[in-house]
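Protein chains in written order, with the working numbering: chain A, 1 to 227; chain B, 1 to 227.
Some clues are possibly wrong.
If chains are identical, the list can't say which one is meant, so a pair holds when it fits in one copy or spans any two.
Unchecked claim - The calculated lysine to any residue pairs, modelled on SDA-like cross-linking and capped at a C-alpha distance of 25 Å, are:
#, residue 1, residue 2
1, 227, 45
2, 227, 9
3, 188, 22
4, 227, 114
5, 224, 209
6, 99, 71
7, 227, 159
8, 182, 221
9, 227, 192
10, 182, 214
11, 188, 173
12, 188, 227
13, 70, 132
14, 182, 41
15, 224, 179
16, 39, 64
17, 39, 192
18, 89, 62
19, 224, 24
20, 89, 119
21, 224, 192
Simulated from the structure, these hints should not be mistaken for laboratory data.
The primary structure of each chain is shown beneath.
Protein chains: 2
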Amino acid sequence: MKIGVFGTSMVGQAISGKLAELGHDVMVGTRDVAATQAKTEPHPYGFPAFSVWQKEHANVKLGTFADAAKHGEVLFNATNGTGSLAALKLAGESNLNGKLLVDIANPLDFSHGNPPSLSVSNTDSLGEQIQRAYPNVNVVKTLNTVTAFLMVNPGLVANADHTMFVCGNDVAAKAQVTEWLKDWFGWKDVIDLGDITSARGTEMYLPIWLRLWGALGTGMFNVKIVK
Amino acid sequence: MKIGVFGTSMVGQAISGKLAELGHDVMVGTRDVAATQAKTEPHPYGFPAFSVWQKEHANVKLGTFADAAKHGEVLFNATNGTGSLAALKLAGESNLNGKLLVDIANPLDFSHGNPPSLSVSNTDSLGEQIQRAYPNVNVVKTLNTVTAFLMVNPGLVANADHTMFVCGNDVAAKAQVTEWLKDWFGWKDVIDLGDITSARGTEMYLPIWLRLWGALGTGMFNVKIVK
Numbered sequence: 001m002k003i004g005v006f007g008t009s010m011v012g013q014a015i016s017g018k019l020a021e022l023g024h025d026v027m028v029g030t031r032d033v034a035a036t037q038a039k040t041e042p043h044p045y046g047f048p049a050f051s052v053w054q055k056e057h058a059n060v061k062l063g064t065f066a067d068a069a070k071h072g073e074v075l076f077n078a079t080n081g082t083g084s085l086a087a088l089k090l091a092g093e094s095n096l097n098g099k100l101l102v103d104i105a106n107p108l109d110f111s112h113g114n115p116p117s118l119s120v121s122n123t124d125s126l127g128e129q130i131q132r133a134y135p136n137v138n139v140v141k142t143l144n145t146v147t148a149f150l151m152v153n154p155g156l157v158a159n160a161d162h163t164m165f166v167c168g169n170d171v172a173a174k175a176q177v178t179e180w181l182k183d184w185f186g187w188k189d190v191i192d193l194g195d196i197t198s199a200r201g202t203e204m205y206l207p208i209w210l211r212l213w214g215a216l217g218t219g220m221f222n223v224k225i226v227k
Numbered sequence: 001m002k003i004g005v006f007g008t009s010m011v012g013q014a015i016s017g018k019l020a021e022l023g024h025d026v027m028v029g030t031r032d033v034a035a036t037q038a039k040t041e042p043h044p045y046g047f048p049a050f051s052v053w054q055k056e057h058a059n060v061k062l063g064t065f066a067d068a069a070k071h072g073e074v075l076f077n078a079t080n081g082t083g084s085l086a087a088l089k090l091a092g093e094s095n096l097n098g099k100l101l102v103d104i105a106n107p108l109d110f111s112h113g114n115p116p117s118l119s120v121s122n123t124d125s126l127g128e129q130i131q132r133a134y135p136n137v138n139v140v141k142t143l144n145t146v147t148a149f150l151m152v153n154p155g156l157v158a159n160a161d162h163t164m165f166v167c168g169n170d171v172a173a174k175a176q177v178t179e180w181l182k183d184w185f186g187w188k189d190v191i192d193l194g195d196i197t198s199a200r201g202t203e204m205y206l207p208i209w210l211r212l213w214g215a216l217g218t219g220m221f222n223v224k225i226v227k
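With the hints as extra help, turn the sequences into a complete structure.
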């Protein structure tokens with residue numbers, strides 16, 4: 001399948017690398033292709049610059065946000081949440097319309113230091129903002145509740161015996177994404193939380209997730225819903 | 001132990017009933033004792049009026065917020081979160097000072113309909129507001145992430161193989177509360193998330209918790225942290 005992935009950092013790399021490994025035709029979108037190619041220093045968080053990463057993932061293409069949006073039959077938003085709406089604007093509404101957009105972004109605002117706050121929360125969410133801005137796109141919020149490596153390989157923790165969530169207005173789109181989460185990435189337990197307003201819940205989960213990371217000393221964890 | 005519990009509704013009933021059953025000397029605090037005693041209709045959510053409940057829990061005393069605060073060597077805040085600061089003001093700072101206050105409340109604001117929003121969130125929390133208002137009280141935030149019955153009986157779900165959190169500035173107070181959670185209620189896995197600012201995380205978890213309740217069709221669930 002032709003897939004467009006917006007974002008070149010850790011989440012974009014994890015998603016596009018895994019999708020390419022599965023045989024999909026993946027193009028990653030960035031704001032400025034030349035700038036992305038020129039950057040070679042690792043990110044302060046430790047993951048490689050996209051240009052360095054791409055050398056070992058030569059089958060993953062790089063283009064502008066608009067190129068990736070045109071390329072993809074299905075799209076993944078793996079940009080920083082505070083920049084997602086700007087990235088999607090550059091992608092272009094006509095290139096997005098009619099497509100399924102898997103939104104993985106979190107609106108984490110680090111501008112006031114650590115811990116980050118959310119740039120939108122409580123009575124709204126990034127998922128809803130995107131859905132409102134692009135009413136002809138099927139937005140499905142998912143994967144934003146775990147660290148990048150776990151998104152595409154949940155078996156790295158507890159034999160994948162833990163839970164992922166999907167939120168979105170379109171029932172068929174959520175069912176499709178749930179199938180991909182299971183077939184492509186190996187998720188076993190996927191809970192449909194409801195319409196796109198339930199993205200508030202998964203985005204507002206980030207503060208406890210970040211504290212758990214600190215308490216556990218690792219990002220390699222998740223919640224399992226037990227009842 | 002002499003324990004004061006603020007709040008007469010479902011959480012206050014669950015906590016005070018269990019503590020009395022364990023042999024503690026429990027007084028529940030309310031704003032207006034006569035009004036609480038006069039009310040006999042069940043709450044719209046289905047739990048009994050305090051006066052009805054108390055007939056089967058005659059060893060649980062009822063008093064004003066100030067009476068309960070004076071009575072308790074240890075205090076539990078089981079009021080509605082949007083009314084907690086007002087309740088604590090009525091309890092009286094001098095009656096609270098030097099004591100450990102277990103804060104279970106969530107600042108859920110139903111005034112704009114369902115789903116509720118949080119009346120404080122993102123860059124602050126109810127736990128922090130209480131700690132700031134009463135600097136000589138040791139506030140420990142816990143139990144606010146599960147339904148009332150599970151708080152005091154986690155074994156009702158998955159043999160208690162799931163997770164509770166504690167947040168607070170005082171390490172010894174958190175250790176004490178953790179011991180009580182285990183010895184009194186049967187919690188097995190308690191994670192210390194950090195200082196009282198981590199209460200933001202557990203309060204902002206409420207939106208996903210409410211959506212999970214809807215998706216699962218029951219409040220009898222919890223998260224287990226797996227790594």
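| query | Between copies, within a copy, both or neither: which fits residue 89 and residue 119 at Cα up to 25 Å? | reply | within (18 Å within a copy, 32 Å between copies)
| message | Checking an output row: residue 39 and residue 64, CA cutoff 25 Å. Within, between, both or neither? | response | So residue 39 and residue 64 pass the 25 Å test inside one copy only (16 Å; across, 65 Å).
| Using 25 Å as the alpha-carbon threshold, which applies to residue 224 and residue 209: within, between, both, or neither? | Both: 13 Å inside a chain and 13 Å across chains, each within 25 Å.
| task | First find the shortest C-alpha distance between residue 224 and residue 24 inside one copy, then the shortest across copies, and answer within, between, both or neither for a cut-off of 25 Å. | result | Cα proximity of residue 224 and residue 24: none, with 30 Å in one copy and 34 Å across.
| said: As a check of your reading, is residue 224 near residue 192 (CA-CA no more than 25 Å) within one copy, between copies, both or neither? | reply: both (14 Å within a copy, 18 Å between copies)
| said: Regarding residue 227 and residue 114, is the shortest C-alpha distance of 25 Å or less found within a copy, between copies, in both, or in neither? | reply: between (34 Å within a copy, 24 Å between copies)
| query | Between residue 227 and residue 192, at a C-alpha cutoff of 25 Å, which is it: within one copy, between copies, both, or neither? | reply | both (16 Å within a copy, 23 Å between copies)
| Quick one: residue 70 to residue 132, C-alpha cut-off 25 Å, is that within a copy, between copies, both, or neither? | So residue 70 and residue 132 pass the 25 Å test inside one copy only (21 Å; across, 52 Å).
| Given identical chains, is residue 224 near residue 179, meaning Cα to Cα at most 25 Å, within a copy, between copies, both, or neither? | Answer is both: 19 Å inside a copy and 24 Å across each meet the 25 Å cutoff.
| query | Is it within, between, both, or neither for residue 227 and residue 45, if the alpha carbons may be no more than 25 Å apart? | reply | Between copies only: 21 Å across chains, 36 Å inside a chain, cut-off 25 Å.
| request: Up to 25 Å between alpha-carbons, please classify residue 39 paired with residue 192: within, between, both or neither. | output: Cα proximity of residue 39 and residue 192: none, with 39 Å in one copy and 39 Å across.
| field | Up to 25 Å CA-CA - residue 22 versus residue 188, copy category | value | within (18 Å within a copy, 40 Å between copies)
Of the numbered hints stated above, those contradicted by the structure are hints 14, 17 and 19, listed in ascending order.
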